[in-house]
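Asks: Listed below are the residues making up each chain.
There are 2 protein chains.
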Amino acid sequence: MSAPTREEALALDAADPLRGFRERFTLPKDVLYLDGNSLGALPAHTPERLRRMVEEEWGNGLIRSWNEAGWYDLPRGLGDRIAPLVGSAPGQIVVCDSTSVNLFKVLTAALRLRPGRSTLVSELGSFPTDLYLTEGVAPAWRLLLGRDGDTLDELLDADTAVVLLSHVDYRTGRLQDMAAVTAKVQASGALMVWDLCHSVGALPVELDACGADFAVGCGYKYLNGGPGAPAFLYAAARHHDAARQPLTGWFGHAEPFAMSPEYAPAAGIGRFLTGTPPLLSFAGLDAALDVWASVDMALVRAKSLSLTSFFLRATDALGLPTVTPRVDSERGSQVSLQHESAYAVVQALIARGVIGDFRERDVMRFGFTPLYVSHADVLDAAEALRDVLESKSYLDPRFTQRGAVT
Amino acid sequence: MSAPTREEALALDAADPLRGFRERFTLPKDVLYLDGNSLGALPAHTPERLRRMVEEEWGNGLIRSWNEAGWYDLPRGLGDRIAPLVGSAPGQIVVCDSTSVNLFKVLTAALRLRPGRSTLVSELGSFPTDLYLTEGVAPAWRLLLGRDGDTLDELLDADTAVVLLSHVDYRTGRLQDMAAVTAKVQASGALMVWDLCHSVGALPVELDACGADFAVGCGYKYLNGGPGAPAFLYAAARHHDAARQPLTGWFGHAEPFAMSPEYAPAAGIGRFLTGTPPLLSFAGLDAALDVWASVDMALVRAKSLSLTSFFLRATDALGLPTVTPRVDSERGSQVSLQHESAYAVVQALIARGVIGDFRERDVMRFGFTPLYVSHADVLDAAEALRDVLESKSYLDPRFTQRGAVT
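Quick note, the sequences are listed as chains A and B, same order.
Under the working numbering, the first residue of the first sequence is numbered -18, with each subsequent residue one higher.
Under the working numbering, the first residue of the second sequence is numbered -18, with each subsequent residue one higher.
Please keep in mind that the hints were generated in silico from the structure rather than gathered at the bench.
Owing to the predicted nature of the structure, the values given are computational and were not obtained by experimental measurement.
A hint or two may mislead.
One copy or any two copies: either way a pair holds, since identical chains are not told apart in the list.
Claimed, not checked - Below 20 Å or equal to it, Euclidean Cα-Cα: the simulated EDC-like pairs (lysine to aspartate or glutamate) are:
(1) K10 with E36
(2) K10 with D361
(3) K165 with D189
(4) K165 with D54
(5) K10 with E311
(6) K10 with D134
(7) K165 with E49
(8) K165 with E187
(9) K10 with E49
(10) K165 with E371
(11) K10 with E37
Produce the complete structure using the sequences and hints provided.
Replies: Right under this line is the structure:
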């Protein structure tokens, strides 16, 4: 394909039905931000929401705000606001804890729902916390898809209890066929757990329609809920009565304020709650969901594919290998290019205000968030990348030395 | 003892070395707040700290703030700021998750450190989440101190792996002798886990000096970290190398950004971390700890005992039974009075701006936070309580009808 032109970028942006969303975010002027898949940008009205929670709800309302400001309802209420973004009926999602903690809860609950089976299947290339948690949950056997070249079909058998996969891979951006994989896993008698961290807010997700059993997802990437925003957890309603998760804290109790000495799980999705929620962080996610309330996910997907394919075309001439699928239906909302000095190139780009990120071992990862990234941005980023590579400015020791956190 | 007078209250307040701290909090003018043991008040500079994290660190810094604003160091850094308040050397506390989740981590880690033993001892009157978590951790046996009248001495034997107790009871305000109990438990070969939710920030705690093994505590009560503020977790350094907690997320990994597929716990206290921390809530606790940096806990304890004994004297004539010890050395920083219509009386007081709380079944709980409560406040609260009881205004249906959340 031919390299895209500035005129083409501007024409696409002029016709973009989502272009109005850019002004609902506050982004620094000197930055071109392609890391919203790691930490989403600040919605413009979030500071006011935080001020209100801190000064009015906490400062003036004090303990009364648990009732009067609706704090007590936030874990379920924010879950129901996320539900339409992931194709879930109400009452199947709670916002709580971190993705890691929620993985522990749903994996343990899922294993307990398959008592005669002892194998958990995960994927070698998963985001590491998924792998670590499958170690920690400690079923009798853990198989890693991708370790020995086996396909999922070859790994599934009558002993498989649970399969955990990422809907979109954090590193490559590869998108799984949720419907087909879920059906295949369930046909083997196992339960399917999806990690939605890199798909929620990036593309339409259809948990109910695909018949997913459980899912977890992240509040601080495409959803723009703020640094370390609370995560969420989905459990299909058909599992609620039988599901038992191990982190049996008082917020998941049927009557938290009865102060009964025995644990009795709440009816429905509430039984997946554990402790008191970190409400200032909840306010950040609450504000972000105001933006999502008026977003059409089909438009997000269309623009996302337009942005990522535009970037692939714009960087084609650089001759860099990519681990990201070029076929639209297999790609999330990021493009990962490879370079032997990937770390230094990313640092050199950041120094110019073009923020993507590095992932081991040789991946330069660029995330395209349709609500606040334009095709003109994509072209600017591609040109900056070409400049850095051609000028070899990335060889500067400022960029090659590895920091403590990358 | 004779009823205290207004003159006595004013004289005590005039001589109070902590009186200057009141202006470091923002409290509504029409409220007398005696529920800081449930949700602490708003430090006056917290809104600015939140604004800075939201607008500058998140909005402008974006992903760069993990390094440049020190986000990555906050779980350990805030832990080290809490350390002097609980008598811990640096490097033994992390701030993370909720108290419930942290209880799961330390109880499981403690049980794994005593593999030949299978009994966990908890206390029937504990805050329920402690009981529910000891159910969830599921050792072979769980004994409940207080169920059959047995003393701790009678329950401890060669099969006891772990004992979990509250330093100060949430309902009665009874303070345990941490040194004596820890020594007794450890003499039996078991490990001692302390729940500090109602003692941290209320009185001096000496974890290291008492030889405690593990502890958890709350950020949103006496510490004033904000609604649902992150909790903390203490593990004595001698246990770090051998301790294995089950929530093995990427933040507790030795090299979180190496993206290694195998879990390897971080050296030291960092292995107790799990997922990405909810940073807006961390900012609230960070701001609160600025206040604590200049607080002398011995002065806090002296004023706390002065306030609670003053309240006991001021309410003596009402003839209400109390579950709170009258002996100073056995009392935390609250007074719990009993009344058959406790719920309604508390509601009637709240309607007058005197905020305490109700706890099942008949307890009116009044918390005295030495940084922002005065002896004059105590007298005002006692007079309001007398008015409500004598006028029987609490019999109004507005007050007797139970709300969804109490």
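Asks: Treating 20 Å as the Cα threshold, decide for K165 and E371: within, between, both or neither.
Replies: This pair counts as neither: shortest intra-copy Cα distance 47 Å, inter-copy 71 Å.
Asks: Is the C-alpha distance from K165 to D54 at most 20 Å within one copy, between copies, in both cases, or in neither?
Replies: Answer is neither; intra-copy 36 Å and inter-copy 43 Å both fail.
Asks: As a check of your reading, is K10 near E37 (CA-CA no more than 20 Å) within one copy, between copies, both or neither?
Replies: between (31 Å within a copy, 13 Å between copies)
Asks: Tell me, please, which holds for K165 and D189 at an alpha-carbon limit of 20 Å: within, between, both or neither?
Replies: For K165 and D189, the Cα distance is within 20 Å only inside one copy (16 Å; across copies 54 Å).
Asks: At most 20 Å between alpha carbons: which applies to K10 and E49, within, between, both or neither?
Replies: between (39 Å within a copy, 18 Å between copies)
Asks: What label fits K10 with E36 when the C-alpha limit is 20 Å: within, between, both, or neither?
Replies: Between. Shortest inter-copy distance 14 Å satisfies the 20 Å Cα cut-off; intra-copy 29 Å does not.
Asks: At most 20 Å between CA atoms: does that hold for K10 and D361 within a copy, between copies, both, or neither?
Replies: within (14 Å within a copy, 54 Å between copies)
Asks: Given a CA cutoff of 20 Å, do K165 and E49 count as a within-copy pair, a between-copy pair, both, or neither?
Replies: neither (47 Å within a copy, 46 Å between copies)
Asks: How would you classify K10 and D134 at a CA-CA limit of 20 Å: within, between, both, or neither?
Replies: Neither: 49 Å inside a chain and 67 Å across chains, both beyond 20 Å.
Asks: Is it within a copy, between copies, both, or neither that the alpha carbon of K165 lies no farther than 20 Å from that of E187?
Replies: For K165 and E187, the Cα distance is within 20 Å only inside one copy (16 Å; across copies 56 Å).
Asks: Could you figure out if K10 and E311 sit no more than 20 Å apart (CA to CA) within one copy, between two copies, both or neither?
Replies: neither (33 Å within a copy, 59 Å between copies)
Hint compliance for this structure: hints 4, 5, 6, 7 and 10 are broken, all remaining hints hold.
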